[in-house]
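Undergrad: Chains A and B, in that order, give the protein sequences. By my numbering, the letter at position 491 of the first sequence is numbered 491, and the numbering carries on one by one without gaps. Counting the second sequence from 1 gives a position; my numbering is that position plus 1000.
Note that these hints are calculated values from the structure, not bench results.
With a cut-off of at most 25 Å between alpha-carbon atoms, the simulated DSS-like pairs for lysine-lysine come out as follows: (1) 1070/B / 176/A; (2) 1076/B / 310/A; (3) 1070/B / 323/A; (4) 1065/B / 288/A; (5) 324/A / 1065/B; (6) 176/A / 1076/B.
Covered stretches of chain B, as calculated for chain A (at least 3 residues, CB under 8 Å): (7) 1017 to 1023; (8) 1072 to 1081.
Where is the CB? At the ideal position from N, CA and C, for every residue including glycine.
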Amino acid sequence: MKLTGAQILCESLLKEGVEVIFGFPGGVVLPLFDTFPQYPGLRHILVRHEQGAAHAADGYARATGKVGICLATSGPGATNLVTGIANAHLDSVPIIAITGQVSRAFIGKDAFQEVDITGITLPITKHNYLVMEASQIANTVKEAFYLAQAGRPGPVLIDIPKDVFIEQAEFHYPDKVNLPGYNPTLHGHPAQIKKAAEMINNASKKPLIIAGRGVIISSAFDELKQLAETAQIPVITTLLGIGSFPESHPLSYGMLGMHGTVYANWATDAADLIIAIGMRMDDRATSKFSEFAPGARIIHIDVDPAEIGKNVRVDIPIVGDIKKVLIPLNRLISKNQHVEWVNQLDTWRKEHPLVNARITNAKSLLPQFVVRKIYEVTQGNAIIVAGVGQNQMWAAQHYWYDRPNSFITSGGLGTMGYELPAAMGVKVGKPREMVWCIAGDGGFQMTLHELATIVQDRIAVKIAILNNGYLGMVRQWQDLFYEKRYVGTPLSCPDFVKLAEAYCVPALRVEHKEDTVPAIEKAVQAEGPFLIDFMIEPEENVYPMVPSGEALSKVIEEPQKEVHIWSQQNTP
Amino acid sequence: MVSTKHTLVALVQDKPGVLNRMVSLFRRRGFNIASIAVGSCETPGFSRVTFVVDGSETMVEQVRKQLLGKVVEVIKVSDITDEDIVVRELALIKVKAPATNRSEIIQMVGIFRADIVDVSPDSLTIEITGTEDKIESLLGLLQPFGVKEVTRTGRIAMLRGVQSVGE
Chain A
1 MKLTGAQILC ESLLKEGVEV IFGFPGGVVL PLFDTFPQYP GLRHILVRHE
51 QGAAHAADGY ARATGKVGIC LATSGPGATN LVTGIANAHL DSVPIIAITG
101 QVSRAFIGKD AFQEVDITGI TLPITKHNYL VMEASQIANT VKEAFYLAQA
151 GRPGPVLIDI PKDVFIEQAE FHYPDKVNLP GYNPTLHGHP AQIKKAAEMI
201 NNASKKPLII AGRGVIISSA FDELKQLAET AQIPVITTLL GIGSFPESHP
251 LSYGMLGMHG TVYANWATDA ADLIIAIGMR MDDRATSKFS EFAPGARIIH
301 IDVDPAEIGK NVRVDIPIVG DIKKVLIPLN RLISKNQHVE WVNQLDTWRK
351 EHPLVNARIT NAKSLLPQFV VRKIYEVTQG NAIIVAGVGQ NQMWAAQHYW
401 YDRPNSFITS GGLGTMGYEL PAAMGVKVGK PREMVWCIAG DGGFQMTLHE
451 LATIVQDRIA VKIAILNNGY LGMVRQWQDL FYEKRYVGTP LSCPDFVKLA
501 EAYCVPALRV EHKEDTVPAI EKAVQAEGPF LIDFMIEPEE NVYPMVPSGE
551 ALSKVIEEPQ KEVHIWSQQN TP
Chain B
1001 MVSTKHTLVA LVQDKPGVLN RMVSLFRRRG FNIASIAVGS CETPGFSRVT
1051 FVVDGSETMV EQVRKQLLGK VVEVIKVSDI TDEDIVVREL ALIKVKAPAT
1101 NRSEIIQMVG IFRADIVDVS PDSLTIEITG TEDKIESLLG LLQPFGVKEV
1151 TRTGRIAMLR GVQSVGE
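If we strip away everything but chain B, and leave its shape as in the complex, we get:
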């Protein structure tokens, strides 16, 4: 069975334990969750969750059905991997930046249309938004300077056009 990265988007009631219940279904099947992003959405009392998981088509479909049917607070779940989607992730990168390297790093930040959000005598903190690939390439280019810390939000996704997920 071919294992690929799937993007699942779920609309859930904002209640204690709901994330636990969802994640537990993945854990039980030995899925490794590559990323998970949760936040409030357009309707008060509800949250939207974006999961990225590795798995075969049938395994992921099985978990999707289980999330929908078995976790009481889950309203909708869609696998939007093959849809036309906008995908974004945000990363904060702290990189060593003594005066000698600083201008080169700032140039790179400009090319990637990232932002510098914090400056100290020996480091810069960069905020970058984009696809995982874009973030990976900037990270790769910054590695030689000495990346001190990275934190990433995980993927969030939305369908292109007027349609909403699950409609």
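Extracted from the complex, chain A is given alone in its bound form:
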């Protein structure tokens, strides 16, 4: 029996297990929207701006491990997806963006609402398609789902002209894909794994694991834990690697990088062996490439061969899926102790804690305190979706994440406004989990219109705005590197409580420390969404901080202290 292109698309999505589509209609996708009522298994959630659809699909994908789907019309609908697609591309998130295109006869003629979206998204998708025949839709969807998830995941875009949605064709869903040019290496080379095991077993007194998002993508938490515990190797993570190793574990030393802990950065500097697992040596994590881990040999495990040796030198490269590499590697790892090294890290942690006396004793409402209280009230069981900037760093530092995918944020692209739509997608994917969106007053204003979506579709996201009246992270750079010339960073905000109420979201404002916990408790108890506007100390800065372009050893602890340079001579 013949089906329309729109029906074939819906059938294909159902075959791939799709349940939710975040989308926004328009002229050329009308035939598809008209078909949705025939497919009640596909839930369409109407966003208020297509960027929100892409971020929601991204949040959904990160939280569930499934492919997230977003849908937009041609022209402006498609271009509004671009930021969200780029975001998913840089953080290796499997999403599929479906865009409508003008009818085939109009393509290339600057027709109404026509853009070359496959051309525009070429460098920010893993792959993209312009489907010119209804008979090609099923094949394309099959390939798109495979490509989005295989090897290093990423976004795939499918552009479908309006008349292809209407055209009829036989529906046959293929069993497998035929992609002779795409064969990701999943199993690490046994000789390389053996070499790595020998180095870990015999040639290191100060080994250090740096875990990235690859561990989470590959679901290799148990394998990572086994490696760390068997050989007693301290573990630090990248920003996106948070949750890959329980942060309450004694061998966990937090995050490295620009706003990483002092002890994680010093450990990287002092280590004699770095085992980098599923991370891509991003400049915010490594800081100055040439001075990264100067005394260490480096084992780098990643599924993407192009990431190995890209930024820093590597001694033992292993290309493969993290889990499929760690399982055979663990078999070769012997029990070991690194007492002196672990003690050194513990001493550094004790002497240079994230939460210092000033933060503990402050009378004013500090963001670190707010995040810590959210942690305490939710007993560490919430999924935190953070924005970008100071709020993101405080959320990363002061909530402790013991579960994978419990901290979700825009890492590579650093997309302000990611938080609310992404949190929406997370909650849709994980309806039983408590989902908190931690936002800044700047980023929140970029996508706050999704409050309407949250209300319409009853998506119970809890929102904490860390409101300092500034674009805080940029202001911090102006404070430190531009002699406090705050240009373009002071920010007037609407009354967020009234605004939330206008959207029918209950809300509270907190100005004093003592009101923090009751407000958070109220939000937790509320059945639906809830917003708290925390009026935090306006000029609070994020520390520790490694100035851009400096070595990790040059991490700065607090504003009043001088730059603290870790001396190699003190190494155990």
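Model the placement of chain B on the given structure of chain A, informed by the hints.
TA: Below, chain B without anything else, positioned relative to chain A:
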């Protein structure tokens, strides 16, 4: 870092946009592509592409890995710069050739084992096949006569002996 000319040979699926995707990876890194030659190959549905690019060893290796891993239609890519290879390029050269100069030009064409493929009262069109150096030398010798137009295919390359690229 030492920048040298690299010859990359790729086997790709013959699909719309594949060249665009490949070239885009070079563009993004600011590589100037010195030449690019594309054509069908021994297997139907596939094409072979020869790129010549200027870049350091590490930069070129990085792009090679990206072409292979990230452009879905790319089956194989090899950097054959340091291999034992046969390299050829074809050029068409239109040169001013009034009766007074004509015999001298024809002589030169003979020395270079090039061909004259078109004749008009005032010009000759010469076809030459060879390495870039050979083409450059003929061009240099023809310059004094007045070269009106030059078009070149860019380099194509193949390993010497029985082995094929990427085997």
